[in-house]
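Engineer: Residue numbers (the numbering used here), protein chains in the order written: chain G, 985 to 1113; chain A, 985 to 1113; chain W, 985 to 1113; chain Z, 985 to 1113.
Don't take each hint at face value.
[Said to hold, decoys possible] Below, a list of computed lysine to aspartate or glutamate pairs in the EDC-like style, where the Cα atoms sit at most 16 Å apart:
| no. | chain 1 | residue 1 | chain 2 | residue 2 |
| --- | --- | --- | --- | --- |
| 1 | A | Lys1096 | A | Asp1073 |
| 2 | W | Lys1006 | W | Glu1101 |
| 3 | A | Lys1020 | A | Glu1081 |
| 4 | G | Lys1024 | A | Asp1004 |
| 5 | W | Lys1024 | W | Asp1004 |
| 6 | G | Lys995 | A | Asp1004 |
| 7 | A | Lys1006 | A | Glu1078 |
| 8 | W | Lys995 | Z | Glu1078 |
| 9 | G | Lys996 | A | Asp1030 |
| 10 | A | Lys995 | G | Asp1030 |
| 11 | W | Lys996 | Z | Glu1023 |
| 12 | Z | Lys1020 | Z | Asp1073 |
| 13 | G | Lys996 | A | Asp1004 |
| 14 | A | Lys1024 | A | Asp1073 |
| 15 | W | Lys995 | Z | Glu1023 |
| 16 | G | Lys995 | A | Asp1030 |
| 17 | G | Lys1006 | G | Glu992 |
| 18 | Z | Lys1024 | W | Asp1030 |
| 19 | Z | Lys1020 | Z | Glu1101 |
| 20 | A | Lys996 | G | Glu1023 |
| 21 | G | Lys1011 | G | Glu1023 |
| 22 | G | Lys1024 | G | Asp1073 |
| 23 | Z | Lys995 | W | Glu1023 |
| 24 | G | Lys1011 | G | Glu1078 |
| 25 | W | Lys1097 | W | Glu1081 |
| 26 | A | Lys1024 | G | Asp1004 |
| 27 | Z | Lys995 | W | Asp1030 |
| 28 | G | Lys1011 | G | Asp1030 |
| 29 | A | Lys1097 | A | Glu1078 |
| 30 | W | Lys1011 | W | Asp1030 |
| 31 | Z | Lys995 | Z | Glu1023 |
| 32 | A | Lys995 | G | Glu1023 |
| 33 | W | Lys996 | Z | Glu1009 |
| 34 | W | Lys1097 | W | Asp1073 |
| 35 | A | Lys996 | G | Asp1030 |
| 36 | W | Lys1024 | Z | Asp1004 |
| 37 | Z | Lys995 | Z | Glu1009 |
| 38 | Z | Lys996 | W | Glu1023 |
| 39 | Z | Lys996 | W | Asp1030 |
No lab work stands behind these hints: they were computed from the structure.
4 protein chains.
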Amino acid sequence: MENTDYIEFFKKDRYAALFDIKLTEVKPGYARAILKITEKHLNAGDVAQGGALFTLADLTMAAAANANGRLAFSIQSDIRFLQSAFPGDILYAEANEVLLHKTVCHYHVDIKKDTGELIAIFDGICYRK
Amino acid sequence: MENTDYIEFFKKDRYAALFDIKLTEVKPGYARAILKITEKHLNAGDVAQGGALFTLADLTMAAAANANGRLAFSIQSDIRFLQSAFPGDILYAEANEVLLHKTVCHYHVDIKKDTGELIAIFDGICYRK
Amino acid sequence: MENTDYIEFFKKDRYAALFDIKLTEVKPGYARAILKITEKHLNAGDVAQGGALFTLADLTMAAAANANGRLAFSIQSDIRFLQSAFPGDILYAEANEVLLHKTVCHYHVDIKKDTGELIAIFDGICYRK
Amino acid sequence: MENTDYIEFFKKDRYAALFDIKLTEVKPGYARAILKITEKHLNAGDVAQGGALFTLADLTMAAAANANGRLAFSIQSDIRFLQSAFPGDILYAEANEVLLHKTVCHYHVDIKKDTGELIAIFDGICYRK
Chain G
985 MENTDYIEFF KKDRYAALFD IKLTEVKPGY ARAILKITEK HLNAGDVAQG GALFTLADLT
1045 MAAAANANGR LAFSIQSDIR FLQSAFPGDI LYAEANEVLL HKTVCHYHVD IKKDTGELIA
1105 IFDGICYRK
Chain A
985 MENTDYIEFF KKDRYAALFD IKLTEVKPGY ARAILKITEK HLNAGDVAQG GALFTLADLT
1045 MAAAANANGR LAFSIQSDIR FLQSAFPGDI LYAEANEVLL HKTVCHYHVD IKKDTGELIA
1105 IFDGICYRK
Chain W
985 MENTDYIEFF KKDRYAALFD IKLTEVKPGY ARAILKITEK HLNAGDVAQG GALFTLADLT
1045 MAAAANANGR LAFSIQSDIR FLQSAFPGDI LYAEANEVLL HKTVCHYHVD IKKDTGELIA
1105 IFDGICYRK
Chain Z
985 MENTDYIEFF KKDRYAALFD IKLTEVKPGY ARAILKITEK HLNAGDVAQG GALFTLADLT
1045 MAAAANANGR LAFSIQSDIR FLQSAFPGDI LYAEANEVLL HKTVCHYHVD IKKDTGELIA
1105 IFDGICYRK
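Pulled out of the complex, with its shape left as it was, chain G reads as follows (with noise of 0.2 Å):
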């Protein structure tokens, strides 16, 4: 697939679509997603639930993993939350690949916000089929 193809075939993940996660770039081994903090993330303290970041960091490393061409999906993750993110926040996702093996590969991903404030950091493990 294209690219355009994968952030096409990510929109059909509901999950992420309904909290308003938008890959804005897939290719092989990197993906890049945003997501604007508004009040639907907020948890009881106020501040963005550590869920969003987590489905923002796993979404973004599901895109890079599966741009390899085969189907890919996470065994294990790591998430630190470093900085609290805020309603009105803009906060970007990047995915790198740390390792592509044959059956599992492994990615970090950091959450910043668009002043470049490191908010999470996050590293997972994929299986691919």
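Once you've looked at the hints, dock chains A, W and Z against the given chain G.
Structural biologist: Same frame as chain G, now just chains A, W and Z:
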């Protein structure tokens, strides 16, 4: 707060609420939540999005941690996806406190189907204000 | 191989042997090991070095995984340090299989003192050749 | 303390010393160490034991964290094994501070061969006394 007060408090979590995650029990160091997988939780592969499982675990941990009476927020989490969850599956998350220190606390969360099948395991650390 | 054969095989682990880590039970998906903390295991702060606890957990997982009869090696591990271990402490590590898939397998390892106090928890994923 | 004082201090880490791990640079939030893989670092499969790589990363993080001038000890670490290391390989670990909060700090450590090949990646959280 009483058990029921914490359940009320976490209804303010708009992100979790939008996903129909419901806390069913909350006490200091322990919480239990339920989620029925529906169309809105699916990824492009038509199984529950990893972010939906993460959010279920994260909210359950947050409830168990905050029920100790001091504001606690997650600083790191690790999740392992063992089995896929499909539309119609009813998932139960149970958070147990592993360790409660003065400023940090550790939790383990199991996510199981009502059949008892283990779907995902989650470990997290919270910082206590 | 028999239980005792695996114990013999892992005696070839020179790194673990140099640290007096001893496997006491090995069967498919389960292993148990013991380590007595002595001077050689201490860090600059005079408590057991995190690497000593990690190595104890890692060897125990490796034994449990390889006892399934196919070569398995670790691709990712997460360890949480709950309490310090001191000279004279006798630590027991117990590895249990969480999931055995065709090419990957998941393990959880608890490290406890002989008093039953939980010292560290470890989760790991192995790749099966 | 001066850079050299921290290097002296960590020579008291008997566990790391027994494995010939040597800190070559230490400053607040940053440290670098070197390890040459020899017979003593091997597991039953004749490659460097995961615990040897973990200990190399853990010591490097501890040096970077403590160089901030307050006692810091690890509470959680995640390591991903990307490539095997063999006898004769010279490994370099480099720890960089991701975030320094009042009571917790985050580090990332890369372990590379002198050829530049990435062997393992490590993320850890320390608690500051």
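Engineer: Quick one: which hint numbers does this structure break? Sort them smallest to largest.
Structural biologist: 2, 3, 6, 8, 13, 18, 21, 25, 28, 30, 31 and 33
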